[in-house]
Amino acid sequence: MGLIEVEHLSRTFTVRRRAGRVRRTTSVVQAVTDLSFGIDRGEMVGYIGPNGAGKSTTIKMLTGILVPTSGRLSVAGIDPSRARVDLTRRIGVVFGQRTTLWWDLPLRDSFDLLRRIYRVDTDRHRRNVAEFTELLDLGDLLDTPVRQLSLGQRMRGDIAAALLHDPDILYLDEPTIGLDVVSKGRLREFLRRVNQERQVTLLLTTHDLQDIEQLCRRVMVIDRGSLVYDGPLGGLHAQGSSTRTLVVDLVDEAGPIDVPGATVTKVDGPRQWLSFPADASAAPVVAAVAAAYDVADLSINEPAIEDVIREIYSRR
Amino acid sequence: MAEPTSSALRRISWDARAFVMLAGMWVRVSWSYRTSFVMVTVASFVITAVDFLAILVMFSNVDRLGGFGLTDIAFLYGATSLCLGIADLVIGNIERLGQRIRTGTFDALMVRPVGVLVQVCADEFALRRVGRVAQGGLVFAWALVHVDVAWSAARVLVTVAMVVFGTLIFAGIYVLGASFQFLSSEGSEVANAFTYGGNAMTQYPLTIYPAEAVRAMTFVVPVAFVNWYPALFVLDRPDPFGLPSAFQLASPAAAVAVGLLAVVAWRGGVRRYRSTGS
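Quick note, the sequences are listed as chains P and A, same order.
Going letter by letter, the first sequence gives residues 1 to 316 in the numbering used here.
Going letter by letter, the second sequence gives residues 1 to 278 in the numbering used here.
These are calculated hints, taken from the structure and not from any lab test.
Careful, some of the hints might be misleading.
Partial chain A-side listing against chain P, Cβ under 10 Å, derived [claimed, not checked]:
| no. | residue |
| --- | --- |
| 1 | I12 |
| 2 | W14 |
| 3 | A16 |
| 4 | L22 |
| 5 | E95 |
| 6 | F106 |
| 7 | D107 |
| 8 | L109 |
| 9 | M110 |
| 10 | R112 |
| 11 | Q119 |
| 12 | D123 |
| 13 | V270 |
| 14 | R272 |
| 15 | R274 |
Note that the structure is predicted; figures quoted are calculated from it, not measured.
The C-beta atom is built at its ideal place from N, Cα and C for all residues, glycine as well.
Using the sequences and the hints, build the whole thing.
If you want it as structure tokens, here you go:
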């Protein structure tokens, strides 16, 4: 049995809009539609999709914040909306956009309060705080009130706070939003360690594909409430009708060359760009070009993962 | 409800401890700004004291109001103010629920292992609200000393119960009103109309109001059970509106009814909670 099991999960929102002075129209917005997936213990899964695709709605249902409209949900064997309070001990949640810490309290006091709320024993707590303080470089920040921390510092504090009660699962909703490159790198390194050493299962939503590339073997893509891809990051290429590009440097300038199986997308002096399907072999294209023209140089560009995802989003 | 009683009890006792723990921490935090704390508390004491002064001024011109003397009115006034004060101290923070929902900080409360109601009330607990408790308590204490009552065990018991269940009635109204904030952000104004409004009306003997108003305060928003009906029993007065004398001992039942309604409304609200975008 998977640690997280989601079957035919849907959530709708009823939106009331004013139409005229008194009259109101009601419309039903489908935020998440018939979502099914499972996540095993120890996985690190990236959950991506454009704004409003239903990422946060899914996470909020997995934490018990939102009640699903239909479908079945099981997280660590618990139905989140029925036993939300029991579930809180098994999960940690980090909302990138806002803190779960107490604005006016120094980090150290926030941590101590969390220890008492979650009833973590003192030894265990002290060890965790020491470890996170070292790994996340929180030493100088422990006595600073949260409102005085920078975004990156606050995020580190939030992540430490979410892990203090040794949860099985850590949900991160855009954890690297607004962070600089160095902070992002450090955060990813920390998350990788937490996953490997503590066997914490990670589910993270992000707009930064580097987060996924560096952390997650598995990625789920959601668009307009439906799961459009679930698999290894590399497999996304095959998903899209994405193309590879053959860049040809001819010896002499020429008009667009004619090669079966590929189309010229751009000509710049002797250099020409030919695109062909990503799942087709490059060999016949290269052979055809070399046979018909005098070629000075050749190179093949793989599609960038960003382009693949953009292509998936823009479909339909 | 569906869960076994023992685990429900365990949860309630844990929630109570969590309340004390969270509230205690906020008291310590506010104590580090003690000058401002003392000023705000004194101000709230003085503001609430002014409206009792108005009653004193009135009684320098008349002997009785609605058939009740000054000490009787002090008894009614003190009881309702003390009840509202305690309810406001413990639950009053709930009026910030709408703001929490709008800013999204409510989400953070939902992922912690303490009931959200407890957290909403205890988080940023404001001890300055003791100003109202102190004022109501003082007037009530003065009334207890001077009121013309032949004290018996039953009257003492009803007096104690009046404070306990009166507080619960106001607390229930607070929670009920707050539950509407899950649907509309104006819910807190509605609740204030019934809590502060109910308090203001029950500061006087209900004989000064038309019978319809008294019925509304009995059957619709049962604030008359906070102090009026038990006070009739303690002061040994027949009901001026001819309502059943059983009402005079029915405050616990009214409190339970309001409390159950509040729990159902709150749970429904939490389940209907929609969170904010992203």
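Hint numbers contradicted by this structure: The structure conflicts with hints 1, 3 and 5, although it agrees with all the remaining ones.
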